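**Student:** Take the sequences, apply the hints, and build the full model.
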Amino acid sequence: HSELEKQPFELPYRYESGTLNSIGICGLGAGLKYISTEGPDRIRAHEQHLTDRLIEGLLHIPGVSLYTPKDRYGLAPVISFNIERYEPGEVGAILDHVFDIKVRTGLHCAPVAHKTLGTYPLGTIRLSPGYFNTLEEVELTLQAIDRIARTTPPNDKNLQMNQKKGG
Numbered sequence: 001h002s003e004l005e006k007q008p009f010e011l012p013y014r015y016e017s018g019t020l021n022s023i024g025i026c027g028l029g030a031g032l033k034y035i036s037t038e039g040p041d042r043i044r045a046h047e048q049h050l051t052d053r054l055i056e057g058l059l060h061i062p063g064v065s066l067y068t069p070k071d072r073y074g075l076a077p078v079i080s081f082n083i084e085r086y087e088p089g090e091v092g093a094i095l096d097h098v099f100d101i102k103v104r105t106g107l108h109c110a111p112v113a114h115k116t117l118g119t120y121p122l123g124t125i126r127l128s129p130g131y132f133n134t135l136e137e138v139e140l141t142l143q144a145i146d147r148i149a150r151t152t153p154p155n156d157k158n159l160q161m162n163q164k165k166g167g
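1 is the number of the first residue of the sequence shown in full-length UniProt numbering; add one for each residue after it.
No lab work stands behind these hints, which were simulated from the structure alone. These numbers were taken from a predicted model, which means no experiment stands behind them. Some clues are possibly wrong.
Pairwise CB distance ranges, derived in the manner of DEER restraints [stated by the list, open to error]:
#: 1; residue 1: 121; residue 2: 37; range: 26 to 34 Å
#: 2; residue 1: 37; residue 2: 135; range: 19 to 27 Å
#: 3; residue 1: 55; residue 2: 99; range: 18 to 26 Å
#: 4; residue 1: 140; residue 2: 44; range: 21 to 29 Å
#: 5; residue 1: 150; residue 2: 100; range: 15 to 23 Å
#: 6; residue 1: 25; residue 2: 71; range: 34 to 42 Å
Cross-link-like lysine to aspartate or glutamate pairs, in silico, DMTMM-like; alpha carbons within 25 Å at most [unchecked claim]:
#: 7; residue 1: 33; residue 2: 56
#: 8; residue 1: 115; residue 2: 90
#: 9; residue 1: 102; residue 2: 136
#: 10; residue 1: 102; residue 2: 84
#: 11; residue 1: 115; residue 2: 87
#: 12; residue 1: 115; residue 2: 84
#: 13; residue 1: 102; residue 2: 52
#: 14; residue 1: 6; residue 2: 16
#: 15; residue 1: 70; residue 2: 96
#: 16; residue 1: 70; residue 2: 41
#: 17; residue 1: 102; residue 2: 56
#: 18; residue 1: 115; residue 2: 71
#: 19; residue 1: 102; residue 2: 90
#: 20; residue 1: 70; residue 2: 47
#: 21; residue 1: 102; residue 2: 47
#: 22; residue 1: 102; residue 2: 137
#: 23; residue 1: 70; residue 2: 146
#: 24; residue 1: 33; residue 2: 47
#: 25; residue 1: 70; residue 2: 16
#: 26; residue 1: 6; residue 2: 41
#: 27; residue 1: 102; residue 2: 87
Glycine included, C-beta positions come from ideal geometry on N, C-alpha and C.
**Tutor:** Take a look at the structure:
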C-alpha cells in the first residue's frame, strides 16, 4: 500500500505505515521466550538482590547522596545517586573511561522530578542492574564509586582557590 497517499481504512493496514519491523518482532518473540523459560520471579529476585546490594553499599560510601524510597519493596532496579563535589556527568565519564562501567547521567528525561529532588539542573547518576549482571560486577562498581568519592575532583573550585592563595 506504499503507493497510496492516505492510509488504508481496513485493519491492520490502517496502523501499519511502512515496512513492518520484522527483526524487532522476532527479537521481541525471543525475549519473551527467554523470560518465560527463566521465569519472571527468578529474574526479579536476581535483580532485587543486586539492587539491594548496591543500595547498601552506596549508603556506606562517604559523600554519596542516594535518592531512593525508604520502603524498597517492589523497587525497580534503578538507583539514582550523586557524589559530593562532583557533577554527575564527571562521574559518568570517570566510570566509563577509567572503570569501563556504563551509567546514565543527567535529568533522565524528567526535569520536574529532579526539581522535586533538588538535583536540578545537573541531575543524578543512575545505575540499572539487570539480570545479566553479576554480584562481582556490583562489588567492582561499589569499589569504583568509593574510589571516586575519596578523590578530589580535578575541577574542585575550593581546592583551586586554596592553591591560588598558597594553601
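**Student:** It remains to establish, for every hint, whether it holds in the given structure.
**Tutor:** To see whether the hints hold, each was checked on the structure:
{"no.": "1", "hint": "121 x 37: 26 to 34 Å", "verdict": "violated (44 Å)"}
{"no.": "2", "hint": "37 x 135: 19 to 27 Å", "verdict": "holds (22 Å)"}
{"no.": "3", "hint": "55 x 99: 18 to 26 Å", "verdict": "holds (19 Å)"}
{"no.": "4", "hint": "140 x 44: 21 to 29 Å", "verdict": "holds (23 Å)"}
{"no.": "5", "hint": "150 x 100: 15 to 23 Å", "verdict": "holds (20 Å)"}
{"no.": "6", "hint": "25 x 71: 34 to 42 Å", "verdict": "holds (38 Å)"}
{"no.": "7", "hint": "33 x 56", "verdict": "violated (33 Å)"}
{"no.": "8", "hint": "115 x 90", "verdict": "holds (20 Å)"}
{"no.": "9", "hint": "102 x 136", "verdict": "holds (15 Å)"}
{"no.": "10", "hint": "102 x 84", "verdict": "holds (20 Å)"}
{"no.": "11", "hint": "115 x 87", "verdict": "holds (16 Å)"}
{"no.": "12", "hint": "115 x 84", "verdict": "holds (18 Å)"}
{"no.": "13", "hint": "102 x 52", "verdict": "holds (19 Å)"}
{"no.": "14", "hint": "6 x 16", "verdict": "holds (12 Å)"}
{"no.": "15", "hint": "70 x 96", "verdict": "violated (29 Å)"}
{"no.": "16", "hint": "70 x 41", "verdict": "holds (23 Å)"}
{"no.": "17", "hint": "102 x 56", "verdict": "holds (20 Å)"}
{"no.": "18", "hint": "115 x 71", "verdict": "holds (22 Å)"}
{"no.": "19", "hint": "102 x 90", "verdict": "holds (13 Å)"}
{"no.": "20", "hint": "70 x 47", "verdict": "holds (18 Å)"}
{"no.": "21", "hint": "102 x 47", "verdict": "holds (17 Å)"}
{"no.": "22", "hint": "102 x 137", "verdict": "holds (11 Å)"}
{"no.": "23", "hint": "70 x 146", "verdict": "holds (22 Å)"}
{"no.": "24", "hint": "33 x 47", "verdict": "holds (19 Å)"}
{"no.": "25", "hint": "70 x 16", "verdict": "violated (44 Å)"}
{"no.": "26", "hint": "6 x 41", "verdict": "violated (45 Å)"}
{"no.": "27", "hint": "102 x 87", "verdict": "holds (16 Å)"}
Taken one by one, the earlier hints fail for this structure at numbers 1, 7, 15, 25, 26, listed in ascending order.
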